[in-house]
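Position chain A with the ligands relative to chain S; hints supplied.
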Amino acid sequence: MDDISKLDTDITEAFQKKQMKKVCSLYFEAANYFENKSDIEAACFFYTQALVMALEENHDLKEKIIHKLEKYGRNQDTTLN
Amino acid sequence: MSELTIEQQFNNNKPIPFKKELEKAILNIEKANGIPNQYYIDQKCMDLEKKIIFDKNWVAIGFTKDLNEPGSVKPITFLNTPYLVIRSKEDSKIRVFQNVCPHRGMKLIQEPTILKGAIRCPYHSWCYSQTGKNCATPHIGGPGINFHKDISKEDLNLIEVKSFIWRGVIFVNLDGKAKNFEQVNESILKRWELFDQPIFNDNSESSFNLTVNGNWKLAVENYLEAYHLPWIHPGLNSYSKLEDHENIVNYGHYSGQISHKYKASYSTAKNFKNFKNLTSEWDSKGEYIVLFPNLILGAQKDHLFNLIIEPIATGQIKESIEIYYSDPEMLNENFKSTRLENANLWKTVFEEDIFVVEGMQKGRYAKGFDGGKFSPVMDLPTHVFHDWYARKLLEA
Ligand code: FES
Ligand SMILES: [Fe+2]
Chain S
1 MDDISKLDTD
11 ITEAFQKKQM
21 KKVCSLYFEA
31 ANYFENKSDI
41 EAACFFYTQA
51 LVMALEENHD
61 LKEKIIHKLE
71 KYGRNQDTTL
81 N
Chain A
82 MSELTIEQQF
92 NNNKPIPFKK
102 ELEKAILNIE
112 KANGIPNQYY
122 IDQKCMDLEK
132 KIIFDKNWVA
142 IGFTKDLNEP
152 GSVKPITFLN
162 TPYLVIRSKE
172 DSKIRVFQNV
182 CPHRGMKLIQ
192 EPTILKGAIR
202 CPYHSWCYSQ
212 TGKNCATPHI
222 GGPGINFHKD
232 ISKEDLNLIE
242 VKSFIWRGVI
252 FVNLDGKAKN
262 FEQVNESILK
272 RWELFDQPIF
282 NDNSESSFNL
292 TVNGNWKLAV
302 ENYLEAYHLP
312 WIHPGLNSYS
322 KLEDHENIVN
332 YGHYSGQISH
342 KYKASYSTAK
352 NFKNFKNLTS
362 EWDSKGEYIV
372 LFPNLILGAQ
382 KDHLFNLIIE
392 PIATGQIKES
402 IEIYYSDPEM
412 LNENFKSTRL
422 ENANLWKTVF
432 EEDIFVVEGM
442 QKGRYAKGFD
452 GGKFSPVMDL
462 PTHVFHDWYA
472 RKLLEA
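Protein chains in written order, with this note's numbering: chain S, 1 to 81; chain A, 82 to 477.
Where hints are given, some of them may not hold.
As the list claims (entries may be wrong) - Among chain A residues calculated to face chain S with C-beta under 8 Å, some are:
#, residue
1, G198
2, A199
3, P203
4, Y204
5, C208
6, H220
7, G225
8, I226
9, N227
To be verified - Simulated crosslink set (PhoX-like; lysine-lysine; CA at most 20 Å straight-line):
#, chain 1, residue 1, chain 2, residue 2
10, A, K101, A, K125
11, A, K258, A, K271
12, S, K62, A, K170
13, S, K17, A, K197
14, A, K137, A, K448
15, A, K428, A, K417
16, A, K197, S, K21
17, A, K132, A, K258
18, S, K71, A, K230
19, A, K197, S, K18
20, S, K62, A, K197
21, A, K155, A, K230
22, S, K62, A, K214
23, S, K64, S, K22
24, S, K64, A, K197
25, A, K188, S, K18
26, S, K21, A, K132
None of these hints come from the bench; they were simulated from the model. The beta-carbon is built from N, C-alpha and C at its ideal position, and this holds for glycine as well.
Isolated chain S, as found in the complex (with noise of 0.2 Å):
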């Protein structure tokens, strides 16, 4: 359970410094982190707070998450613009 409360302190950290970007691949890997450990509803929790942050950073990531919120049917029709 460390990985993730160092996680969380991270998160916190780059929220506060407005640092989306980087909030954006941390809930991404804390989202992988439950994916691995089966856990999808908080998996799906994450990706959806990645999701948010690499809209508006048009994030690499974006695509990625998108296609695995899909997959655990948690978005319907995702539109970019």
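Okay, now just chain A with the ligands, sitting in the frame of chain S:
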């Protein structure tokens, strides 16, 4: 003045208070009185004016020079309505939206910025593309579920406001029911079609703001007339005399002044490049027009200016002025002091006018003042404005 108090005027189920007085503003100029006092000093009249004059017509709210880069977005609040103006990266077009999130009504954009991607609402992070389409509703169906069967994304787009760009000015029609800008303003567009060419603004020396403690209409009225030149602008009058002026009168549309003695001369001995393909009459001509309700315009061979009047309160306005040149070279360092001199010249003129605008505002508290009489010769452009304004109210 009517015997009824302002409360009675609004209470008697009268849609338009001081109707009888307003009807006098649309009489022939010899018989006409100006718009009644209350329309300059009373908040209720201002609220009504917002609905009828500002929400239903094309109104100038800002300048495109703040949005040169694709992705740039700027919040503008005009008469309490929050707008966001954005140049989309997708098609480079400028659009205007109401600056509000369709979810719980949060103001979306707080500061001018350049967006990398979507607009993300700072409250619950719903996202919008730069063309205003909703592109994410995080957790709307519960944690990690980003849709809901009963909510259609199409209903969650930003509220677009009908807008038009002309001469670097962003116009909006808030109620969306006005005829197209080109239709409404056909005559001025035609009049100045020669100036339909690229214009350049330095964003520093050539931009300035003034705050004036007067009603917005008084700033319009004062700009429309040359009558006051010999006393209020003795300097201006020395090279642009009263007798060199001619009224521009176009009832129902716009009015202003022509100066037949425009001379561009600066102490730096430098001249700005003229706009291309102008006819010879423009060698010595300047035209000074108000596009109703709130845009003051100036056109001369070597520079243009736009002044947006923003009503802040019944007795307060903000004036934002931008001066434009014909060629990017005019924005170079070696023209800097000439640009500054030119801006200062106009600033002096507008500052000299503050005293009379504020003085007329104070005069509007005199109960015996009936809106005033007009000189049938000198005050025609002012009457054009009063006629336009009163008709808008009376026809509403
Ligand atoms: S108010 Fe904007 S997302 Fe809730
Ligand atoms: Fe003046």
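Here is how each hint holds up against the structure:
1. Here the hint on A/G198 is kept, as its CB sits about 3 Å from the closest CB of chain S, short of 8 Å.
2. The beta carbon of A/A199 is positioned within 8 Å of a beta carbon in chain S (closest approach about 4 Å), and the interface hint is therefore held.
3. Interface restraint check: A/P203 against chain S, minimum CB-CB distance 10 Å, threshold 8 Å, status violated.
4. At a threshold of 8 Å, the smallest CB-CB gap from A/Y204 to chain S is about 12 Å, leaving the interface hint violated.
5. Because the closest C-beta pair between A/C208 and chain S is about 5 Å apart, less than 8 Å, the hint holds.
6. The interface hint given for A/H220 is met, as the beta carbon of that residue sits about 6 Å from the closest beta carbon of chain S, less than 8 Å.
7. Satisfaction of the interface hint for A/G225 is found here, the shortest Cβ-Cβ separation to chain S being roughly 3 Å, below the 8 Å cut-off.
8. At its closest, the beta carbon of A/I226 sits 5 Å from a beta carbon of chain S; the interface hint therefore holds under the 8 Å criterion.
9. A hinted interface residue such as A/N227 counts as satisfied when its beta carbon comes closer than 8 Å to some beta carbon of chain S; here the least separation is about 5 Å, so the hint holds.
10. Between A/K101 and A/K125, the direct Cα distance comes to roughly 17 Å. Compliance with the 20 Å bound is thereby established for this hinted pair.
11. A C-alpha spacing of about 23 Å is found between A/K258 and A/K271, which places the hinted pair above 20 Å, so the restraint is violated.
12. Note on S/K62 and A/K170: the hinted pairing holds, with a Cα-Cα distance of about 17 Å set against a maximum of 20 Å.
13. Our distance criterion of 20 Å between C-alpha atoms is met by S/K17 and A/K197, whose separation comes to about 17 Å.
14. A threshold of 20 Å between alpha carbons decides the hint, and for A/K137 with A/K448 the separation of about 30 Å lies outside it, so the pair is violated.
15. Between A/K428 and A/K417 the alpha-carbon distance is near 16 Å, which keeps this suggested pair within the 20 Å criterion.
16. The suggested pairing of A/K197 with S/K21 holds, with an alpha-carbon distance near 11 Å, which does not exceed 20 Å.
17. For the suggested pair A/K132 and A/K258, the alpha carbons sit about 13 Å apart, so the restraint of at most 20 Å is met.
18. At roughly 18 Å between alpha-carbon atoms, S/K71 and A/K230 fall within 20 Å of each other, so this suggested pair holds.
19. Between A/K197 and S/K18, the direct Cα distance comes to roughly 14 Å. Compliance with the 20 Å bound is thereby established for this hinted pair.
20. The suggested pairing of S/K62 with A/K197 holds, with an alpha-carbon distance near 13 Å, which does not exceed 20 Å.
21. Distance check on the hinted pair: A/K155 and A/K230 sit about 34 Å apart at the alpha-carbon level, beyond 20 Å; violated.
22. For the hint pairing S/K62 with A/K214, the CA-to-CA distance comes to about 17 Å; that is within 20 Å, so the pair holds.
23. A threshold of 20 Å between alpha carbons decides the hint, and for S/K64 with S/K22 the separation of about 16 Å falls inside it, so the pair holds.
24. Distance restraint check for S/K64 and A/K197: the Cα-Cα separation of roughly 18 Å lies within the 20 Å cut-off, and the hinted pair is therefore satisfied.
25. The straight-line distance between the Cα atoms of A/K188 and S/K18 is roughly 19 Å, inside the 20 Å bound, and the hint therefore holds.
26. Distance hint between S/K21 and A/K132 is unfulfilled; the C-alpha atoms sit about 43 Å from each other, more than 20 Å.
When each numbered hint is compared with the structure, violations occur for hints 3, 4, 11, 14, 21 and 26.
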